[in-house]
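Undergrad: Residue numbers (my numbering), protein chains in the order written: chain F, 778 to 1052; chain B, 50 to 270; chain G, 50 to 270.
Some hints here could point you the wrong way.
[As the list claims (entries may be wrong)] With beta-carbon atoms standing in for the labels, derived distance ranges:
| # | chain 1 | residue 1 | chain 2 | residue 2 | range |
| --- | --- | --- | --- | --- | --- |
| 1 | F | Arg933 | B | Pro220 | 18 to 26 Å |
| 2 | F | Arg1000 | G | Glu125 | 38 to 46 Å |
| 3 | B | Ser142 | F | Ala873 | 16 to 24 Å |
| 4 | F | Arg933 | G | Glu80 | 17 to 25 Å |
| 5 | F | Met843 | B | Pro220 | 21 to 29 Å |
| 6 | F | Pro929 | G | Lys71 | 21 to 29 Å |
| 7 | B | Lys113 | F | Met945 | 22 to 30 Å |
| 8 | G | Arg196 | B | Glu52 | 49 to 57 Å |
Hints in this document: simulated from the structure, not taken from any laboratory.
Note that beta-carbon positions come from the ideal geometry of N, C-alpha and C, so glycine has one too.
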Amino acid sequence: MTDKPEELAKAPSKSGEQVPLALVSGKPLVDMPKDLYIPPDALAVFLESFEGPLDLLLYLIRRQNMNILEIDVSEITRQYMEYIGAVESMRFELAAEYLVMAATLAEIKSRMLLPRQDTEDDEELDPRAELIRRLQQYERFKKAAEDIDQMPRMERDIFSGSAALPKMPSSQPHPEVDMKELLLALHGVLKRADLFTSHHVEKERLSTRERMSHILSVLQGDRFVTFESLFTIEEGRLGVVVSFLAVLELVKEQLIEIVQAEVLGPIHVRTRSAS
Amino acid sequence: MNEEHLARIQAIAEAALLAAGKPLSVEQLRELFTEDDRPPRQVMEHALVLLEKACEGRGFELRKVASGYRLQVREEFAPWVARLFEEKPQRYSRALLETLSLIAYRQPITRGEIEDIRGVTVSSNIIRTLLEREWVRVVGHRDVPGRPAMYATTKQFLDYFNLTGLDELPPLSEVRDLDEIGREIEKNMQGEIQFESSQGERVSQGDPQDAPTASPEQTLH
Amino acid sequence: MNEEHLARIQAIAEAALLAAGKPLSVEQLRELFTEDDRPPRQVMEHALVLLEKACEGRGFELRKVASGYRLQVREEFAPWVARLFEEKPQRYSRALLETLSLIAYRQPITRGEIEDIRGVTVSSNIIRTLLEREWVRVVGHRDVPGRPAMYATTKQFLDYFNLTGLDELPPLSEVRDLDEIGREIEKNMQGEIQFESSQGERVSQGDPQDAPTASPEQTLH
Chain F
778 MTDKPEELAK APSKSGEQVP LALVSGKPLV DMPKDLYIPP DALAVFLESF EGPLDLLLYL
838 IRRQNMNILE IDVSEITRQY MEYIGAVESM RFELAAEYLV MAATLAEIKS RMLLPRQDTE
898 DDEELDPRAE LIRRLQQYER FKKAAEDIDQ MPRMERDIFS GSAALPKMPS SQPHPEVDMK
958 ELLLALHGVL KRADLFTSHH VEKERLSTRE RMSHILSVLQ GDRFVTFESL FTIEEGRLGV
1018 VVSFLAVLEL VKEQLIEIVQ AEVLGPIHVR TRSAS
Chain B
50 MNEEHLARIQ AIAEAALLAA GKPLSVEQLR ELFTEDDRPP RQVMEHALVL LEKACEGRGF
110 ELRKVASGYR LQVREEFAPW VARLFEEKPQ RYSRALLETL SLIAYRQPIT RGEIEDIRGV
170 TVSSNIIRTL LEREWVRVVG HRDVPGRPAM YATTKQFLDY FNLTGLDELP PLSEVRDLDE
230 IGREIEKNMQ GEIQFESSQG ERVSQGDPQD APTASPEQTL H
Chain G
50 MNEEHLARIQ AIAEAALLAA GKPLSVEQLR ELFTEDDRPP RQVMEHALVL LEKACEGRGF
110 ELRKVASGYR LQVREEFAPW VARLFEEKPQ RYSRALLETL SLIAYRQPIT RGEIEDIRGV
170 TVSSNIIRTL LEREWVRVVG HRDVPGRPAM YATTKQFLDY FNLTGLDELP PLSEVRDLDE
230 IGREIEKNMQ GEIQFESSQG ERVSQGDPQD APTASPEQTL H
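Excised from the complex, chain F in its bound form:
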């Protein structure tokens, strides 16, 4: 529970390396700003690095080495409002949760200015206590998340051992898949991604895509291949056109490069990643 403020928003990493929060004007932003002033460019990044208003409040509290139980509400409110105000003046989109918290803080502050009423029933919660409870509650799970991230885990610290199978008496059956199921899955994901609105996908000829894969696998490795060898004359005009479209698309997607050493010399093709 003794996070130093600078550590709050750093991505925890096993190796302890510092991962910059973002690049601001070309320079990596590694530490959270130590004072209230934030360069305007960094403001959006700054806010994005928080997991919500509670996280931001915790940061403000920890930065001043305040004890959560003794937070100076008016000071924290002032600072919080300053950030919110700065963000709003920059016209960044601000999540509603931040505004709700601003209202809550304002309410607590105003209540504390009023003379305390002695009421018989103590039913009504002190809003400050409620805020503290939420902050504490959030902080413990924030800490738990950091702990979980540090725990050894598969594919990073643990690798399960497996050995190749010998000749087996019977082969294992694979699950059956119906084309309908496959299309339905595609339908679901495209609907989610809202890709139907884009015409780009529909226009694409699948035979071109298939040819692109084929050409890439021919080009695997470092080797150059002559441009002509990518075409099969026997396929006729349509086949050549498909191959040509595939080459153009691959060039457009910067997956291959076409090299011609001299004018009218042979044209060679190779994958860009081989360079």
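Dock chains B and G against chain F, hints included.
TA: Chains B and G in isolation, oriented as in the chain F frame:
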């Protein structure tokens, strides 16, 4: 029990664990034998103890996780082994890890309850990722309007993090009781008593409301 | 050559071969070491001879194959190991089918691009299952940081679905009209899911089969 016979069971267990490449329970290992050949549970467990010893000083070890036993690369060799894989291990966002930790420590829990504690909405993608990785699952629906799904962690989650049970998770830090906080605030506001901060004393006080969740296995077992 | 040092190289080679689950060449094994730590070829070969001996009497053995060395379950244990795979495989997960359909329609495509469209991370198991089934293959690497693999479908994929070419797949405009059959199938699927989640109360019971969704890896690893 004949020693040779035991050695054979040990070798078969090792072969099966390496063929599976994932944890197998003692029961699953016993199932590999035909009925008249099947070693009693105790014998199988004994063979596993021998296997564990036989892995000393080697590149791998026998490890007990939630869904059984697994042969895995010794953690000390992870730096070398990691170079086998071109792709860097996946990183998980804070939002995902916080959501996961809430499900782990507070299960069964609804999305709304997670949002209450985190103070922000939880994106559907996070829940979907956790469900797809089979780290969490829906264990029922809370009987409130909208019947929201309640989430809990799975054995696969424990396996992934090398754990046998939820009680092996790092303990949650203590949270102090609301009434107590209220009283202290009151004291401060009235200025009657100067507040001496002695963190240690406060932390040691248990929280009656939170006690059950501090040890998550209680909610599960 | 110090014996302790040699034993360490042997253990690292064993760890790597078990983690890879496929053959590794002497060169690939040497590449796992940093430059100033890299054992000479001869030393690595010597360590492999020692490893081969150390596997005597165990469930697995070191085999030399065309592309290098691999650890393999001893054939004499095949009858037991085969029982691991006897159970009928379950169905593929929705996540796997979505990934496969995106590879089919958008190839060549990287894992990151699939994740962008799906909005969810794609687990390594899904890719591995698709590669193992030989429905997809790596056709190159995109020239961006990390050089991620690009996936495409295979001839086996076309054969399985009775297609002579990808252009025989229904055009996306037809996929859009799937809403009708979609609702029907989804209804069926939801029936299953609900049935499974109603078993939620059994969280703590040690039933390896009660994972919420069909996981092909469980049966296919």
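Undergrad: Need the list of violated hint numbers for this structure, in ascending order.
TA: none
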